[in-house]
Amino acid sequence: MSDTSIIQIDTASSVAIYEQIANAIRAHLVAGRLQPGALLPPVRELALNLGVHHNTVAEAYRTLAREGWLDLRRKRGAVVLAREAPHATAAAERRFTRHLGELTAKALADGVSPATAARHLEAIAARLRNG
Amino acid sequence: MTVMPALVVGLALQLLVGAFAFLLPDRTRPDLFFAVTVDPGIRGRLEGRTIVARYRRETAIVIALAVVLLAGVVRAGEPWGLAAGLFVELAGLSATYYRAHRRTLPFAAASTTVRESALEPGTAVLPAAWVQAGPFALLAGLAWYLQAHWNLIPEQFPVHWNLAGQPDRWASRSVSGVYGGLIVSGAVCLLMLGLSWGIARWTRPINVSGPAAVSERRFKRAMLRLLLAAEYVVSGIFAVVSWSSVHSTRAIPVWWLLTAPLAFVATTMLVLLRMGQGGSRLAGAVSGAGAIVGDRTDDRHWKAGVFYVNGDDPALFVEKRFGGGYTINMAHPGAWLILGAIVAVVVLVPWLARAYHR
Numbered sequence: 001m002s003d004t005s006i007i008q009i010d011t012a013s014s015v016a017i018y019e020q021i022a023n024a025i026r027a028h029l030v031a032g033r034l035q036p037g038a039l040l041p042p043v044r045e046l047a048l049n050l051g052v053h054h055n056t057v058a059e060a061y062r063t064l065a066r067e068g069w070l071d072l073r074r075k076r077g078a079v080v081l082a083r084e085a086p087h088a089t090a091a092a093e094r095r096f097t098r099h100l101g102e103l104t105a106k107a108l109a110d111g112v113s114p115a116t117a118a119r120h121l122e123a124i125a126a127r128l129r130n131g
Numbered sequence: 132m133t134v135m136p137a138l139v140v141g142l143a144l145q146l147l148v149g150a151f152a153f154l155l156p157d158r159t160r161p162d163l164f165f166a167v168t169v170d171p172g173i174r175g176r177l178e179g180r181t182i183v184a185r186y187r188r189e190t191a192i193v194i195a196l197a198v199v200l201l202a203g204v205v206r207a208g209e210p211w212g213l214a215a216g217l218f219v220e221l222a223g224l225s226a227t228y229y230r231a232h233r234r235t236l237p238f239a240a241a242s243t244t245v246r247e248s249a250l251e252p253g254t255a256v257l258p259a260a261w262v263q264a265g266p267f268a269l270l271a272g273l274a275w276y277l278q279a280h281w282n283l284i285p286e287q288f289p290v291h292w293n294l295a296g297q298p299d300r301w302a303s304r305s306v307s308g309v310y311g312g313l314i315v316s317g318a319v320c321l322l323m324l325g326l327s328w329g330i331a332r333w334t335r336p337i338n339v340s341g342p343a344a345v346s347e348r349r350f351k352r353a354m355l356r357l358l359l360a361a362e363y364v365v366s367g368i369f370a371v372v373s374w375s376s377v378h379s380t381r382a383i384p385v386w387w388l389l390t391a392p393l394a395f396v397a398t399t400m401l402v403l404l405r406m407g408q409g410g411s412r413l414a415g416a417v418s419g420a421g422a423i424v425g426d427r428t429d430d431r432h433w434k435a436g437v438f439y440v441n442g443d444d445p446a447l448f449v450e451k452r453f454g455g456g457y458t459i460n461m462a463h464p465g466a467w468l469i470l471g472a473i474v475a476v477v478v479l480v481p482w483l484a485r486a487y488h489r
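Quick note, the sequences are listed as chains A and B, same order.
Mapping the first sequence onto our numbering, position 113 (from 1) lands on 113, and the numbers just tick up by one.
Mapping the second sequence onto our numbering, position 296 (from 1) lands on 427, and the numbers just tick up by one.
Because the hints were derived from the structure by calculation, they are not lab data.
Here the structure is a predicted model, which means the values were calculated and not measured.
Watch out, some of these pointers could steer you wrong.
Claimed, not checked - Just a few of them, taken from the derived set where beta-carbon distance is under 8 Å, the chain A residues facing chain B: (1) 6; (2) 7; (3) 11; (4) 28; (5) 42; (6) 55; (7) 56; (8) 102; (9) 104.
Think of the CB as a built atom: it goes at the ideal place given N, C-alpha and C, for glycine as much as any other residue.
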């Protein structure tokens with residue numbers, strides 16, 4: 001089992017669990033670590049492994065299916081789809097900027113130094129530029 | 132059963148149980164100390180060493196008292212001496228464990244709140260279906276054989292032998308007398324098969340990557356193989372006993388009937404001592420990078436550190452915090468099914484006993 005296909009959630013986080021699961025899987029999808037055709041674990045199996053209710057995982061899968069990442073089929077489970085990146089709207093860009101600002105403010109409020117936050121943001125920017 | 136063999140068997144059992152209890156503090160995950168989540172460093176500190184020393188002192192006293200009680204009662208010729216000695220020992224050991232658990236509580240550390248999972252469907256850990264079917268095929272084959280040779284079965288035939296190999300209990304040629312043993316052993320095997328299936332399907336890995344995950348998978352496979360081996364031992368013993376009802380004039384291999392369960396118990400102890408909980412005794416299991424604190428269950432869901440009760444957890448089985456193997460999540464709906472099955476098997480045994488007579 002490769003370490004790259006692992007997701008983590010934090011039960012102490014204020015972010016809803018289903019959102020954490022969807023975010024973690026989306027990160028793997030965007031990075032290309034989950035290729036089209038890949039099969040995700042059945043809802044009950046992932047719920048068992050994470051110690052959460054199966055409806056929570058089902059909601060995360062539905063969120064990703066609505067975004068076009070997954071095909072949810074009865075019996076077969078969740079299958080990763082080949083997804084064309086949609087054209088970003090101005091609203092999507094504004095939402096991204098706002099979230100990034102809020103996230104950075106929260107990190108600084110939690111005691112992360114501006115230099116450290118900047119270093120992490122630059123690392124992400126470098127990864128994005130390099131594809 | 133004469134006094135000496137009963138005493139020897141009783142003492143062997145008591146010492147085995149006592150030795151296991153004595154070693155238990157070392158047979159848990161390093162960050163679980165008397166079922167409390169702790170900083171692993173506590174084991175080496177004075178507080179930790181003091182708690183273990185007191186636990187072992189009290190354990191030794193309990194074992195000594197139980198041995199004296201057993202010897203006294205058995206020598207007095209009381210048939211319940213063996214059970215009484217074992218009961219007193221188990222009750223005493225539970226009390227010493229609970230006292231150590233209470234002493235450890237002030238050193239409790241926060242469990243990790245991070246949970247993780249692989250994004251790949253899990254791999255099968257159960258043995259192949261034909262291997263699992265073996266005990267049931269054996270019992271079914273014996274049932275067919277007995278049916279085919281019904282007229283050869285004597286009116287009364289032995290079903291129990293003392294340590295000297297002499298029969299001391301008989302059954303009549305009736306459905307319950309002939310098939311009772313097979314039915315009970317079939318029910319026991321079915322129960323163990325259900326437990327294996329539950330452990331394979333409804334437990335979650337505590338670590339999903341690195342050496343700790345590898346050790347956990349090996350430990351789980353070992354537990355499942357032990358359960359399967361127990362099925363073979365139980366069905367094998369009852370098969371031999373049932374077979375002897377048709378061939379009652381032939382000598383029963385008492386040594387085999389005794390050796391098989393004793394060898395199984397010894398193997399189980401060795402596996403548990405070598406692998407420990409979640410494979411935590413295997414080299415590199417917990418010290419790898421990204422090692423977590425605790426077993427991803429919260430202390431507040433453990434009653435007395437023994438009973439796991441968490442209605443929000445979909446896991447039916449979790450690793451025991453003190454002891455070997457797995458325990459049931461008592462708040463899971465499936466727990467009632469398992470407890471019901473255990474009660475059903477326990478009810479079957481007196482039904483079988485009524486079919487036998489001295």
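*asked:* Of all the hints numbered above, which does this structure not satisfy? Sort the numbers upward.
replied: 6, 7, 8 and 9
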